[in-house]
Structures are given as structure tokens and as C-alpha cells.
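Novice: Each chain, letter by letter, is given below.
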Amino acid sequence: MSQVDEMIAKDGVEEETVEAVKSLAGAYKYGWNTDIEMEYAPKGLSTDIVRLISSKNDEPEWMLEWRLAAYERWLKLTEPDWAMVDYPEIDFQDQYYYARPKSMEVKPKSLDEVDPKLLETYKKLGIPLKEQALLAGVEAPEEERKVAVDAVFDSVSVGTTFKDELAKAGVIFCSISEAIKEHPELVRKYLGTVVPVSDNYYATLNSAVFSDGSFVYVPPGVRCPMELSTYFRINAENTGQFERTLIICDKEAYVSYLEGCTAPQRDIAQLHAAVVEIVIMEDAEVKYSTVQNWYPGDEDGKGGIYNFVTKRADCRGDRAKVMWTQVETGSAVTWKYPSCILRGDDSQGEFYSIAIANNMQQADTGTKMVHLGKNTKSRIVSKGISAGKAQNTYRGLVSMHPKAKNSRNYTQCDSLLIGDKCGAHTVPYIEVRNNSSRVEHEATTSKVDDDQLFYCRQRGMGEEEAVALVVNGFCKDVLQALPMEFAMEAQALVAISLEGSVG
Amino acid sequence: MPATALTELDREITLPAAGVWGTKSRKDALARLTAMGLPNHRDEYWKYTRPETLTSATPTPAAIFDGNDEAPMFDAIDCLQITFIDGVFDADASDDLEMAGVSIERLATAMENDIHWAKDLYGTLETNGQNPVQRPLAALNSATATDGVVIHATGQAAKPVLIRYLHQNETSDAVLHHVIKLDDGAALTVLETGPAAARLNKVMEVDQGNEARFNHVCTQGRDHARRAVTHIFARLATESRFKSFTLTANGVLTRNECIIEITGDDAFAHVAGAALGDGDFHHDDTVFITHDAVNCESRQVFKKVLRNGATGVFQGKILVQPDAQKTDGYQISQALLLDDDSQFLAKPELEIYADDVACSHGSTTGAIDETALFYLRSRGVEKDEAQDLLVLSFLAEAIGEIEDEVLADEIQSRLESWLKRHSS
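Protein chains in written order, with the working numbering: chain A, 1 to 503; chain B, 1001 to 1424.
Read the hints as simulated data drawn from the structure, not as lab findings.
A hint or two may mislead.
[Stated by the list, open to error] Straight line, CA to CA, 25 Å or less: simulated SDA-like cross-link-like pairs of lysine to any residue: (1) Lys447/A / Ala1187/B; (2) Lys1159/B / Pro1132/B; (3) Lys421/A / Pro1132/B.
[To be verified] Restraint ranges, calculated between C-beta atoms of paired labels, are given here: (4) Asp1328/B / Asn406/A: 51 to 57 Å; (5) Pro1132/B / Thr444/A: 21 to 27 Å; (6) Ala1358/B / Pro116/A: 25 to 31 Å; (7) Gln480/A / Asn1308/B: 43 to 49 Å; (8) Ser110/A / Pro1322/B: 41 to 47 Å; (9) Thr444/A / Glu1405/B: 31 to 37 Å; (10) Ala1057/B / Thr444/A: 19 to 25 Å; (11) Ser55/A / Ala1358/B: 56 to 62 Å; (12) Gln480/A / Ala1358/B: 41 to 47 Å.
[Claimed, not checked] To give an idea of the interface, some chain B residues facing chain A are shown, with a C-beta separation under 10 Å as derived from the structure: (13) Asp1323; (14) Leu1337; (15) Leu1338.
Computed from a predicted model, the values in this text were never measured in an experiment.
We put the beta carbon where it would ideally sit given N, CA and C, even for glycine.
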């Protein structure tokens, strides 16, 4: 197809495109908010707020001290500016750090006591808080699959399902606020050992003000009988969500963990700064999958979530395995680098990522693979898609320490550009300090293949549908790594996120 | 990222005397330097290479290397020779600066002429190259360069220009600045060789007109103790071609930066390098290619062979500006680590703002292929020789970037002889 023909073809769809762009506001399915009576901590950040959050959660003294130390530290840090993202300066005093539905003042003993409005919210989001077997929208497979859910609404955990059944297997799955009270020995032993309090600006902030999150402990030799998941919902206005997740997978144990998140559509950007810590012992394995679908802001870049997240897994034991899979479609700004510390010999880390940025979205995401143990292996597959006026950056580190003999890394990061106003960037750091390891890095950047589009169009597909199909093909490697529940959602999300990007 | 303010440095910078425009250019460069400060190891761009010995007031003394056991580099090639001894032009050791197709002058002579073509170029490409990443040592060079040549190619140069840098004083500190302008359709080959000084700071600015062809081959010799920071700033107009290749063997510290701005359509830029590092060796290739025109091609091919604790660094970037459609960008950086003490640190970057492009980069690091070694050994090849063969085959892609066969052969045979010395 010649350049001229292509131009005409593009002119031909312009009407539709305009329509599609107009309807894009409706494309974010989760933009509604729940009208519910909320209780807020006063606006702003101070030691008093830190104390207040701690007291709201009825925390022991050591936890408060930990938070206060983090806050002191945070005051001395400066916001990092090395990421390729650009956003107005955040006024940390102009937001709420704690918001909970009034009905949660007295913690419900069971899900039956939870405010129906809240339950309705999760139902609408397709998240089952009844102990039903499946996430909505997924066709029932032959074998019934169960998913336990911890639902976090603004600053509090609303409830956790299947707790009893999990407890029978010895698995502890509850909100972190509960864990601090009921399993302090575990929390104290592991909290902050993977992501230290002073790790980075946002992690330090989180350490001071995190309000809730999930806690998982899988005892030695236990294969968690069902998938665990946390669903994060930001509902309140001007409120930052700071959740903290701690997963401990003991020797020879296994757990698969899913994380989802959405937020209402608002004109003012909101902050989300989470920390996820995973500890993996000998022969244990953790799969952590995320579908991040925070409100991305409108097509002019108004509103949306600033997503500054620190996620790290520490493979402490030999032969420990971790697999991060992420589909990043939401957020106005994403700053997120799920990492693997491969400390144990023969440990393995994998990172599969699809990052889609459309309209004015900016994503700076990637991973760190720190090889410390012998014979450690890591694999990185990153697919970045930019459309509209979005900027998408892969930033990653592969580090082979002198003692990480016979280690192996393979990195593949591909970028796809849809339209000529967007950007795709790759910033890998590769540090090899021994010669028995092999490190390979490949990256490509290209546009959507005209031939493939033409093929689809010729067979009667609409242009956007064709782009979505080609993009899904481009993301295949990552989509296949997702658990079934997420794969369906992710494929649909790829199509939704790109709506209005063609033309 | 602001570097250390210049005032914090215990060194005073004196500008060498120059004519009217030279003085102005130097003052402007000093202002640029003062604004950005000298680099320090906290700067992201100096993450893997410590700049302290390059910025200190006086250089660390470097023992003179005796390279008399081999013929001078490019000796067999018919060239116009220019010689600098410890960073000072030596007329006796140089040919007459007369050649068809080009005019050559010393920098100082050019600066004395109030009207000179070099006036609009000196420090200009360096200034352009300060954005988006600051290169304070290049500004330091423009401010304080004591010598250099300005070359104006108006047509096809009759023969290559060979610049030889001799090192005779253990504490010499050379600051050299060359300005090269190629008119539309002009063609020039510049060869460079030698250690130059205990410490060398060299800038070469190359401005290419439409369809101009510039070919550059540089060797940084076997001497162990020298330090060097070099910058090439090139600007490429429509259908111009730029090719540069650097061979480095040893040197305590080398930072070679190449900054290319492609401003005309259908142009191409190829930058390549091969480095052999043994022992106390730190070699850094930093390349930044900006595509700001349609249908251009760029290639970066860098190979390093490291042993006995040598360190190799590669920082490469392809920046494709909006509307630089049909860009073909390629970048490969590879290191062969011959033992466990050596290391390779790489940051191969892409920054792309145009959609109809094909850009790729690759980076690999690993040891010598044991199967290949076994294959050669089983056919009766001695271990050292087998290793040399595999090293040469590893470096072949970079050497293959040299277009001129005579020059490529010269580099290849020199490399072979160096490898033999190392093995014995």
C-alpha cells in the first residue's frame, strides 16, 4: 500500500475515529463511584496523621515506632526525577491519607455484616465477595476453580473470603492490619526486609502511612489450595491509597496471587503508592499477577491515578522461584519495577509485562534482576505499546554479581507504536561481573505491521478490531503467562485501552 | 542533574590566548562549563566510569610506552602526516599542510584570522551536543584547547590525513580540538593514532554538507598508563555519510564519546569500536545518535574482549525525534569475558518519538564458547592460538565496519600481532 493510499484509508475512518475518541470516556468501565458515607483523617501529612492511622488500625507500639521512623526518614528524601514521566508537582499536604467507609468503623465479623453498598460495589466490578467459585465473566471450566479475595476499599480491607478453608490448609490470608495484630511474630520478622524502610521515596512514604493491604503466609510444603487475590478500589476523592502486601512462601510451598485495581473517573489526579514484599524460601514458588487498571485520566490527560509502586521478591532459599506477570493498562503515570533478588543458588526469576499507554498516559516500568546466587536464571519479556500521545518506557536492570557463577539472563523487550505522536523508550542497565554467566538483551521498536492490518481489514474487520488483534498477537508471550482468570480480562483490556487510538 | 559547581573545584581555569573570535568562543565555553560544573561519579552519565582523574587539576603521570618493536601504525599507507608531541603540533615531524581538495591549518592560526570559516563551527557542534545530556569535559576542552587542526575539505581529498599523537613527557596534559568541515560532495578520510599524552582531552567537530563523505579510523595504542577522554561531534546533512571506527588496546582509562546529529534526509552514520583490555583497564564507549530527518540509517557496533580484571562500558543511545520517519537504527554491544575478574557494564538505550521506524538493539555478555574452543583444540590448534582465533572472530563484525579494505587489513594484522604478544 502506498503512502498516499494509506492516507486516504486513514481519512476514510476519521469519522469513526472521532466517534471512538468521544466514546473513550465511556471506555473506562470502572469510572463510576460508590456513594457511601466516608470517614476521613484530616488532610495532610504529619506525625499526628501517622499516629492516627496506626491507632485506627489498633496497632501495637512497635508498629507505630516503625511508621514514625519511616516518616522521619521520608522527610529527608527527595522525590526521584530520573523516570521519563512528567507530572505536576504533588502537594503531599493536599490529600487525605486515610479514608474508610463509615460502616467499617466496627470491623464486620463476617462478610454477611458488610455494608450491602460495598458488596454491591465489588459485585459491579465483577469481584465475588460471596464465597462463590469464580470471578464473574469467566466461563466455568470443567474443574471448579476457587479464588479467595481480599477486598481493599480506599484505606481499609472490607473482607477476605475463604479464610476458613485456607486455614485448614494452614495458609494465612488476611488483611495486613489483621496480621499485625494476630501474627505479629511473622509480620515483625519479615516486614521491611525485602523493601527496606528507606528503599526509595515512595516506599518510605508507604512505610509511614500504609493503611491496609494483604498478608499471606504459606507454611512449608503446602500448595495453596486456591488462587489468592486482592482487589484494590480507590473510591474517595483526594485520597491517596497506600497499601502494603506481604507474602511469605515457606519451604517447598506454592502460591499464585492475583491483584486487580480500579478507581473512579475524576478530574483531579490521585496518588497510589503501594509496596509489595515477597519472601520465598527453599524450593518454594510464587506467581504474582497484576492487572493494573486504575483510571488513566481523560484524553487530555486530566485526572487519573499516579501509580508509584515498589514490588520486590526475595528468593532467599535455594531453588526458589518467582514469576511476575503484569498487564499495565491504567494510571495516568506509572512508575513501577517489580524486581527479583535471586539470592538462593539455582533460584529463578521471571518477569512478563504488557504496558499499554494511550492518550496522555505515561508509563515508566520494567524490572530488576539481581543475581547473587550461583546458577540463577532470569527471563524478562516486556511488551510496550504506545498510542495517542502517550510515552512508554521500559527501564530495567540485570546485574550479575561476581559470585553468581553460571547464571543466565535473557531479556526481550519490544515496543509497538500506534500513531506518530507517541513515544517508546528502552533504558536497560546490564552489569556483568563474572564470565561464567551469559546475558542476552534484545529490543526492537516498530509500528503495527501494515500487512497484518491489511490482511485483517480485507477479511472484514474494523480497523480498531484489527489493531486489537495484531496487538494481542504482539502480547501473546505475556498473555500466556497469566493465570486463566486474568488472561481473559487482559485480552479484553488490550482492546479497550487502545480504543480511539487508530487514525 | 547538576554536577559539582565549578567553584568547589580546586582548579582555576585559564583560557589560552586566541584572536577575537577564539577568545569569545573560549569564554562562551567556559560559561557553559561553569553552568554545568565538572562531572563526578554521582552523575548518571558517569555511573560506570569515574571521571575524577580526568577532571583533576593535574594529570596522573604516565610512563612512556616503548612501541618501537613494531612499525608505526598506518606506516604503509600514503597519507598527509600531522604530528603532535604531547599535545603540541610539531612542524618538523609533520608534512607540509598542502593537499588538493583540502585546506589545513593549525587551530591557533585559524583563530588569529578575524574572518574564518571555523569561527561558526568551533564549539558550536559541541554546544548542540550538550543537550539533552551534558558533556562538561567537552566544554572544558573548547574553553582550554591549546592546539589542534582545522580542516576544510572542498572536494575529494587527494589522500588521507593521518594525525599521529606522540607521548614523550610523563606528565603531559594535552587538550586538543579539531574542527573539520566538509563542503557538499566533499570526501575526506582522517586517521588518528597514538597515546598523545599522560592525559588527553580531545574534541573533534565534524560538519558534513550534502552528500559529503567522512571516514574516520582511530587507534589508541598499547601503552598502559595513559588516560583519555575524547568526543566526536558530527552533524550530517542530506545524503551525507559518516563512518568511524576506533581500536583500543589498553590504557588505564578511556572514555570515547561520539555524538551524532542527523539533520538531513537519507544520511547514514556508522560508529564502531573494538577494544582489547588486559588488567588495569577501563574502557567506556558512549554514543548518542539523534535522528532528526527522514529515511536515515545509523549503526553502532561495539565489541570488547576483557581479561585480568579489565572493565568495559557501553552507553549507547538512539534518539528518534518526531517526524524522523523511516529511520533504521541498529545497535549492538557485546563483551567477551576471558576470565572471572573482568566485567562489562552496558546501558543500551532507545528513545523513539516516530512510529514508522525499525530500531533494535542487542547486548550480550559471556565467556568464550567452550565447544568452539574444543573444536579447534581437537584439530591440533594450540590453546592460546585457538583462543586468539575465537577472539578475532568475535571482533570481526566490528572490524567489518571499516569500508576501506587496506585500512581494515591494517587494523586486522595489528590486532593479530597484539594478540600474539598478549599470549606469549
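Novice: Now tell me if each hint is right for this structure.
Specialist: Hints and how they fare:
{"no.": "1", "hint": "Lys447/A / Ala1187/B", "result": "violated, 36 Å"}
{"no.": "2", "hint": "Lys1159/B / Pro1132/B", "result": "violated, 37 Å"}
{"no.": "3", "hint": "Lys421/A / Pro1132/B", "result": "holds, 20 Å"}
{"no.": "4", "hint": "Asp1328/B / Asn406/A: 51 to 57 Å", "result": "violated, 37 Å"}
{"no.": "5", "hint": "Pro1132/B / Thr444/A: 21 to 27 Å", "result": "holds, 23 Å"}
{"no.": "6", "hint": "Ala1358/B / Pro116/A: 25 to 31 Å", "result": "violated, 56 Å"}
{"no.": "7", "hint": "Gln480/A / Asn1308/B: 43 to 49 Å", "result": "holds, 44 Å"}
{"no.": "8", "hint": "Ser110/A / Pro1322/B: 41 to 47 Å", "result": "violated, 57 Å"}
{"no.": "9", "hint": "Thr444/A / Glu1405/B: 31 to 37 Å", "result": "holds, 32 Å"}
{"no.": "10", "hint": "Ala1057/B / Thr444/A: 19 to 25 Å", "result": "violated, 46 Å"}
{"no.": "11", "hint": "Ser55/A / Ala1358/B: 56 to 62 Å", "result": "holds, 58 Å"}
{"no.": "12", "hint": "Gln480/A / Ala1358/B: 41 to 47 Å", "result": "violated, 26 Å"}
{"no.": "13", "hint": "Asp1323", "result": "holds, 7 Å"}
{"no.": "14", "hint": "Leu1337", "result": "holds, 3 Å"}
{"no.": "15", "hint": "Leu1338", "result": "holds, 7 Å"}
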